[in-house]
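K.L.:
Each chain is listed here by its residues.
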Amino acid sequence: MDIKAYIGLSILLFSIGIIGVLIRRNAIIIFMCIELMLNSVNLLLVAFSKMHALGIAHGSPSLASDAQVFVFFIMVVAAAEVSVGLAIIVMMYRNVHSVDINFLNRLKN
Amino acid sequence: MLGTYITFPELLIWFPLVAGIFSFLIKKDDSVKTWALFASIITLCISLGSFFYTNDINASNVSYEWLTSLGSSFAVGLDGMGRLLTFLTAIAFPIIFVATYNNKYKNAKAFYGLMLLSQAGLMGVFCAMDALLFYFFWELALIPVYFLCSRWGGEKRIQATFKFFVYTFAGSLLMLIGIIYVYQHTSVRIEESGFHSFRISDFLAVQLNMQQQSWLFWLFFVAFAIKMPIFPFHTWQPDTYEQAPTSTTMVLSGIMVKMGLFAVLRWLLPLFPLAVARWDNIVIGLSVFGMIYASLIAIKQDNLKRLVAYSSIAHIGLMCAAIFTRSDTGLQGVMIQMFSHGINIIGLWIVIELLEKQTGVRKISELGGVAHKAPALTILLLVIALANIALPLTNAFVGEFMMFSSLFKYNVWFATAAGVSIILAAVYTLNMVQKVFYGNTNAVTENVKDINLSQTVILSVIVVIIFVTGLFPQPIFDLTKDTVTSLLLRFG
Amino acid sequence: MSNVLESVWVIPIFPLVGFIVTGLMRNYLPKHLAAFIACSSIFLSFLASAYVFYIVKDVTSNPAAIHYFDFINTGALHIGFDFKIDHLTSVFLLIITGVGFLIHLYSTAYMSEEQENDYAKYFSYLNLFVFFMLLLVMGGNYLIMFIGWEGVGLCSYLLIGYWFTNNNYNNAAKKAFIMNRIGDLGFLLALFWLIAKVGSVDFATVNAGIAKLSTFDVTGITILFFVGATGKSAQIPLYTWLPDAMAGPTPVSALIHAATMVTAGIYMIVRSNVLFSLAPITMEIIAVIGLLTALLAATIAIYQNDIKKVLAYSTVSQLGYMFLALGVGAFSSGVFHVMTHAFFKALLFLAAGSVIHAMSGEQDITKMGGLRKKIPVTYITFLLGVLAIAGFPFTSGFISKDEILLNVYNHNKLYFYLAVIGAVMTAFYMFRLLFLTFFGGFRGTHEQEHHLHESPKAMTIPLIILAVLSVIGGLVQLPHVFGGHPYFSEFLNPVVKTVEHTDPKLAMKEYVLLIGTIIGLAVVYFFTKKNYAVNKYEGEYHGFKKVLANKWYVDEMYDAIVVKPLLAVGTFFKNVVEKSGIDGFVNGIGKAVNYSSRQVRLLQSGQVGAYVLLMVIGILILFIVQLFL
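Residue numbers (this note's numbering), protein chains in the order written: chain H, 1 to 109; chain L, 1 to 492; chain D, 1 to 629.
Okay, chain H solo, but in the shape it has when bound:
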C-alpha cells in the first residue's frame, strides 16, 4: 500500500487528538486524545519501518527495526503515563467531584 495513505491516516488521527485536547474539558477525554496522538505517531513509525525494510534500507536492517523498538518504548511510556495520569484523575474526582479541567485552575497559585 502507498505510504501516503498511512501518513494521511496518521495526520487525521493526530489532528483529531489535538483538536480533542484543545476543545474538550473533560480530563478523561483529553487523556484519551493524547493517547490518540501517541498512537498516530506509532502508526507512522511502523509504516515507515515497513517501508524502509522493503526499500532503501535493504542493506542495514537496523534502520527498520529501530523504529519498531521505538514503538514499544512509546507504548511502555504511554502505559506508565496512563497509570499515573488516571490515578491523578481519580484523586481529582475524589476531591472535587469533577473532572472538568477549567474547574481546576488552582495551578495559578
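There's no promise every hint is true.
With the Cβ distance kept under 8 Å, some of the chain D side facing chain L (calculated, not the full set) [claimed, not checked]: (1) PRO63; (2) HIS67; (3) GLY151; (4) LEU185; (5) GLU578.
Negatives, chain H to chain D, calculated, CB over 12 Å [what the hints assert, rightly or not]: (6) SER10; (7) LEU12; (8) ILE19; (9) ILE23; (10) SER49; (11) VAL71; (12) MET75; (13) TYR93; (14) ASN102.
These are computed hints drawn from the structure, not numbers from a lab. C-beta atoms are modelled at their ideal positions from N, C-alpha and C, and glycine is treated no differently.
Fit chains L and D to the supplied structure of chain H, relying on the hints for placement.
P.N.:
Just chains L and D now, kept in the frame of chain H:
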C-alpha cells in the same frame, strides 16, 4: 613534623572549620560560647606559631588532590601578606568573642558554629593559592554571614541581608566568570590531569592582550569593589552594618572588607598588569571621590553604626587608591593599614555595642555625657577614635602617611583631594565623641555604668596594639616586604 | 660629649612617665602627690635641658642627628626615630621646660578646687603636652616633628575641652583641632612633596639635597609648610580658633596658647630656614600674612571685654610680628621674640588667671576695676608684663620688638610703618586692659568684692619669676648702641645665619625708635588713663566699634562660606545621591524585576486548556520556523 604532615595554612583552615562543625553538636549555650572562645584562642596560637617558622614551610604550596579532573587542587600557602591577614583574622575572633561574651543568642550553637565557619572561610581566602579554591573559600566566608545577618540581625535584617546578598553574590558571579575565562587560557597540564589549571602560578603565566585584560579587570574589580566597598558599590554596607548582629558586623568590617583588598593584591594586580596600568586613574578617582563622599555623609549621620560604616568606606577608599599607585611605599602602607584598620574598627564597634547594650540607643543626638558615668570607657574610646583619624603614634598614622605619600607621588591633585578627608574625618569623629561622651548626662545615659574588667582588658589590648604598631611598625614592613617586592616585579 | 647628647631621650621621657603615672593612677593619687609628680617630672626635664644647653653652648658646628631606631624603613622610604639637638632646640627646650615648670607650679594652686581625679587628669594632660612639645622641637626629621606637632594639637584639644560638660568649650576644642588639621594637611603635603622629590624628610638630607628641588618645588613646599604654620600659630586665615581656645583653664592658655605650642610654626620655619631662604615669594607671603595678622588681631583686641580674649588676640598679633620677622629674613629675631613673648605673655595670662581667681571666676573687665590695692602682687607683675609687651624701653619686649622693626625697616618701609601702627595699638589695648582691670572703681557685685583676695604663694612665685624675666630677659640681645651684645643671635649662629647689620645709621635709628617709643607710650598712657580708669564702664559698642568687638564677623563669614555649604553638600549626598541615586538605582533593578514578573505571572492563568493551546501554538511556530525559514 610540622611541614611534613600538616602545615600552618592547613591548620589555620581546618581547625576553625572542624571547631565550627563541632559547635553545632554542643547542646548547652554556655559551653558552646566557651568552646568557640577556646577554639579561637587555639587558632590565634597557631597563627602566632606561624611567625616563628621559616617561610619555606608556610609558603610551600601544599597540594592535595581536590578536583583533579578540573585541574584544581587544594593548594594553600602563606606569604607575608597572608600571615599578616591570617593573624588579623586569628586575633579578631577572640577579641570579638570576649567583647560580646555577655550577649545571649537564640540557638547559640548555630551562631557560634557559623562564626567559626566564617573564620575558616576567611583563613582559606588568605591562604588559597588556587583560583577555584579561592572562590570556594570566598563563598564559604560569605554564606555564614548571610545566615548570621538574617537570623540574628536587627529589625530590618531581611531587607538588609537581601541587599547584601544580591550585591556580593552578583560580584562573586562576575569574578567566577573571570576566573573561568582565565582558566580557559591556562596551558593544559597534559601529564597531570589533561586539563587546564586553576593554580596561581599557571594563572600568572597566562598571556592576555590588552582588551582581554581590560574586560577581566573590570569583572574582577567589580567583585572586589563591592566587597571593599568602593563608591558607588557601597550602599549595601551601611545597611548591613546597621542590621547585622554586632559581632558579625565586627567580622564584616574588621576582616571581610580586607578580603576585597587582599584579593586585589593577590589576584587582580598581578594577573592584569596592563589593564591595571590602563585603568588605574579611574579606580583611584572613584576611590578618592568615595572618600570625600563618604566623609561628608558621615558628618551628617545621626546613627552611630552608619557613621562608622561611612567612615570605614572613606578609609578603604584610601587603601584602594594606594594599591593602584603601585609603589613600594603605597603598598607597604596598605599592608599595615589593613591590619590597623581591622583592629581599630573592631574597637569602635565594641564601644558602640557596649553603649547600645546599656542605653538601647544608637542615635548620636539622644546620647550625651557618657564620660561622667564611664570614664574608663571614654578614655579607651578616645584613643581608638584618635587612631581612626590617624593621629601620629597610633597605628593608622603610619599607614595613612605612606599611602598619602604614594598617592601624592602618583598625582598631586588626587592626594590633595583625598587629604581633605583627613580634615573631614576629624570633624565627624570629634563630633561623635563630643555628642556622645561629653556634655551633660540625660535620661538615656543617666544609668550608664562603666565597663567591667573583661571589657576593659579587651579594649586595653586593642589600645596597646594601636600604640605598639604605631610606634614600632617596622616588623610589619619586614613581614610584608617580600610580597610587595614580588608584586612590584609584575610591573617591572 | 656626643655620648651625653645621645641620652637626651630622658628629657621627653620624664613628662611621659609623669603622664602615664598621673593618668593611670588618677583615681588613687591624692592631689598633692599628683601635683608633685607632674611638677617634678617637668623640673627634671628642665634640669636636663639646662645641662644640654650648657653642653651645646660650646659646640660651634651643627651637631648631627641622633638615631634611635628605624621608624619606617621600606624599599623607598627611610625614616628613623631621630632626635636632633642643636642650639635652636636647646633654646626651645629651656623655654618649654622652664616656663612649663612655672605654669605647672601655678596650676597646683589654680586648679586646687577640682576633684581629685580631675586634678590628676589635668596634670596628666599637661605633662603629655610637654612631652609632645619636646618631641616637636627635638625631632631629627620632619616626621618626628609632625608627631609632636599633632600631639600638641591633641593636648590642646583635650585641655580646651577640659571642662567637658560645657558644650561651648567642647565646640571651641573641636574648632581648634579641626582648624589645626587644616594646617596639618598643608604640612603633610609639604612632607609628601619632599619625599617625592628628595626622598627623605631628614633635616640634614633635605638641606643637602636642596639642589634637587626646582624653584617651583621650593616655593610650593615652603608655602605648604607655612599653611601648616598658620594653623598651629594662629595666622590669617586660620587664626579664629585661638581666641575660642580661651575656654580652657587659664594656665593652659598661658602654656599652650601663648608661650609654647603656638610658636611651633615659628620653630618649624626657622628649622627649615635653608629652604625658606631659597623661596623669596614665600618669604614675602609670610611677611605680609604676619603683618596683616598682627594688625587685624590688634584692632580686634581693642574692643574685647573678656580679659583672656584681649590677651588671646594680643597673642595672635604678637605671633604676627614673629612671622613678619621671619618673612623679612630675621630668623633669630623671630626666635628671640618667641622667647621674650613666652616670658611676658605667660606672665600676663597667669596674672590674668590670678585676677580671675580673685574675682571668683569673673572674666569680664567691665565688671572689674580698682583691683590694684586688693591684689598688689598680681597688679605689679601684670603691670610689668604690660610694660614689656608695650615695649617700654629696655624691657624684653622693647628689645625684641625693636629688633624686628629695624629688620622690617631695612626690608620694606611700608611694612615698617604699618608694624609701628600695630605696636601702638598693642600698647593701647594693653593699657586699656590694665586701667579697666586695676584702676578706677570696682564695678563688680558686692559678693565678688567681699571675696577679693591675693592668690596663694604657688601662684605668685611663678608670677614674680616671670615678671623678672620679662623685664631683664631681653638683655641678652641688647644692641651695641645701648652697651649690650647680641649674645642670643650669636648663640643661634650655627643654625641660623644672622644678617650682619653694617648700617652706619643703625645707632641713629635705634635712638629714634627709643624716643619714638617713649613718646608713643606716654601718649597712649594718658589717653587710656583718661578713658578707661573709670568708675563706670558701658562695654557696649556701636558702629565700627561693634564690628571690631565682633571680630570683623570672620567666624560668621567662615560659617557662611565654608561650613554651611559643606554641610549642605553632605545632606545632598546623604539624602539625594545616596538614597535616590545609588540606592534608587539598585533598588530600581529589584523593583523592575519585581514588576515585570508580576506582569508575566498573568500568563499563568491556571487554565490547563490555555496551557495546552499555548503549547500547540508553540509547536506550530517551531514547525513553521523549521520548514519555511
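K.L.:
Just to be careful: measuring from the Cβ of HIS67 (chain D) to every Cβ in chain L, is the smallest value less than 8 Å?
P.N.:
violated (13 Å)
K.L.:
Hint LEU185 (chain D) vs chain L: min CB-CB distance below 8 Å?
P.N.:
It holds, given that the least Cβ distance between LEU185 (chain D) and chain L is near 5 Å, below 8 Å.
K.L.:
Beyond 12 Å from every chain D Cβ: check whether that's true for VAL71 (chain H).
P.N.:
holds (21 Å)
K.L.:
Taking the closest Cβ pair, is PRO63 (chain D) under 8 Å from chain L?
P.N.:
This hint is violated: PRO63 (chain D) lies away from chain L, its Cβ roughly 25 Å from the closest one there, beyond 8 Å.
K.L.:
Does the no-contact call for ASN102 (chain H) survive, Cβ to all of chain D over 12 Å?
P.N.:
At about 6 Å from chain D, ASN102 (chain H) fails to clear the 12 Å cut-off, so the statement is violated.
K.L.:
Closest CB-CB distance from LEU12 (chain H) to chain D, is it above 12 Å?
P.N.:
holds (17 Å)
K.L.:
Minimum Cβ separation between ILE19 (chain H) and chain D greater than 12 Å?
P.N.:
violated (10 Å)
K.L.:
Checking a non-interface call: every C-beta of chain D should be farther than 12 Å from the C-beta of MET75 (chain H). Is that right?
P.N.:
Since the minimum Cβ distance to chain D is about 22 Å, MET75 (chain H) lies beyond 12 Å and the statement holds.
K.L.:
Take the shortest C-beta to C-beta distance between GLU578 (chain D) and chain L; is it under 8 Å?
P.N.:
With Cβ-Cβ at 6 Å, under 8 Å, it holds.
K.L.:
Given GLY151 (chain D) as an interface hint, is the shortest Cβ-Cβ distance to chain L below 8 Å?
P.N.:
holds (6 Å)
K.L.:
Classify the label on SER49 (chain H) as holds or violated, using whether its beta-carbon is more than 12 Å from each beta-carbon of chain D.
P.N.:
holds (23 Å)
K.L.:
Does the claim that SER10 (chain H) lies outside the interface with chain D hold up, using a Cβ gap greater than 12 Å?
P.N.:
holds (15 Å)
The structure shown violates the earlier hints numbered 1, 2, 8, 9 and 14.
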